[in-house]
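First to last, the protein sequences are chains X and D. Just so you know, the working numbering puts 220 at position 220 of the first sequence, and the rest follows in order with no gaps. The working numbering runs 1000 ahead of the 1-based position in the second sequence.
Just to be clear, a hint being listed does not mean it is correct.
Calculated cross-link-like contacts (lysine-lysine; reagent style DSSO-like; alpha-carbon spacing at most 30 Å) [as the list claims (entries may be wrong)]:
| # | chain 1 | residue 1 | chain 2 | residue 2 |
| --- | --- | --- | --- | --- |
| 1 | X | 54 | D | 1161 |
| 2 | X | 138 | D | 1267 |
| 3 | D | 1161 | X | 138 |
The set of hints was computed from the structure by calculation and includes no laboratory data.
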Amino acid sequence: MHHLFPKRLAMSECVLRGDRLALGFGDRVLFRDLSFEVARGEILGIVGPNGCGKTTLLRTMLGLLEPLAGRVERQAGLRISYVPQRERIDRIIPVTAIEVVLMGAGATAPVLRRIGSTERDAAHRALELLGIDALGQKLFRTLSTGQQQRVLLARALATDPDLIVLDEPTVGMDVASEATIIEFLRDLNRRRRVTILIVTHLLPIVLNFASTIMLMGSRGILQGAVDDVLQEDRLTALYGVPVRLGVVAGQRTLVVERGMGLNV
Amino acid sequence: MFEPMFMRLALVASVATGLSLGVMGVYLVIRRVVFLGLVVANAATLGAAIAQAIGWTPELASLVAGVGAAVALGGVEASSRVSAESWMGWAYAGASSFTVLVLSWTAGGSADTLHLLFGNVLAVQGANLVALTIVAAVIGLLQLLFARRFLLVTFDPEAAKVVGVDTRLWSLTLNLAIGVAAATAVNAIGALSTFALLTLPAMAALLATTSVRATFVTAAALSTVLPSLALAISFYFDLPAGPASVALLALSVPFAAVCTPAVARAKTFVLMRAGRRQTTFNARCRGSASDLRRSECRQQQLRESFPRCERRPQA
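Okay, chain X solo, but in the shape it has when bound (with noise of 0.2 Å):
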């Protein structure tokens, strides 16, 4: 692990830091002696290659995956909410949308209490937030995929989480859905001071909306602003093709250079 801008933040500053860490499974080693800091308030996308240890990392830092050494410290009484790829969703249980995300306000409710009004209130505030009050009654295996997301960005919503975790997010979605969600999430951090974690394998994505930016590559990960970190000669390196970063109306854009095809 390597920041550019070393820190060490207090733990009041800090929903989640991981000490000396090494990932991976049975006798396989991904990672050794990794740490990371997520801070309050920030917006962290990691991103890398594929296969590049992502989902690891993202799973360790959920606590679903113990690490293999070192460990992961979370901030007391920290809410955290994970939005996890929908192909991981089941869709033979016939669901509606807001029985999806009364799941979320249920899981933090006390086991035998009957789900309330309260509850209900929250998810429907929830949904309306998404745009999406409409479709409560539609099952979610119905819907469209942007419309899916939504509805399981509103179960992260209703257990009113201090940081969001989003797996690939934005993958299958056209450029108007993937815009409205990353709108959203940039005004849910700023209005709230939600954290926001986001992994995914799509640059462009977080070029624009993360403040901070953890580079995973084969000989380590990088974490810092978004220019200090993504870097053209950095990306050509570790992706192997030529990475050019500009600017298009204000906004970051990232392009790989033509001619790069395989050689069949």
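Fit chain D to the given chain X structure using the hints.
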């Protein structure tokens, strides 16, 4: 038909096993582990066969074996080399072959094999019936109290774990309940009927319904009504009750698969017809000056649509 005492006991046993297995079966099907039902039923059968061979209590042995299999295999996670389903296939093949071997080692092997495979609900005795009823009541209570948690850990276990739900505990509870329900049922209705009740009503219910509550209610209704109907059929036509019950349950699946889309199409057709009438009515009433006029117009429209319903003027 239900005059003789053995028929009444069989009816109570069918309803009790149907309730517990029908409800638990929905979880098996939505978790895509229907093989677990087969393995648990066969492990319980193996337990009963071993107990029979060495003179122990078959009910207790099958309970231990069934619950053990449910807990052990319910927690198996797929590795990169072998899927969880393959482990279940292994357990099923092993349990079935050892059951036959154990039974052929003892006297009257083939008769015992048939009994354990299909059971004999007509021979259910008092103690067994009490056990079945208690299990059905406990499972009903678990479902009433914890259905929300069971669904949560089934729908998205990772997100549930992240917000602090003990997913391992809830999965274990679910597997224990499935194991107990299947193991107690095996002694009364046999392995085949147990497996059929765990999978077929849930399948039919999922095909026929579009809400979680309706799925559970339909599965429980099918798993209690169809075996009871099978009892009556077997009584009148002198057929074995177990296979009759499984056959009816098996028929319910294609019935649900074929009839549900047909009913949906019919409903859409009726709604479209109603919509067309409504559109015509709206077009006619668009020029109406007031709600009163609109109301009159609607009454006129209704009279035209349903002339037979027109009220005759009173004399």
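Cross-check of the supplied hints:
no.: 1; hint: X:54 / D:1161; in the structure: holds (19 Å)
no.: 2; hint: X:138 / D:1267; in the structure: holds (17 Å)
no.: 3; hint: D:1161 / X:138; in the structure: holds (26 Å)
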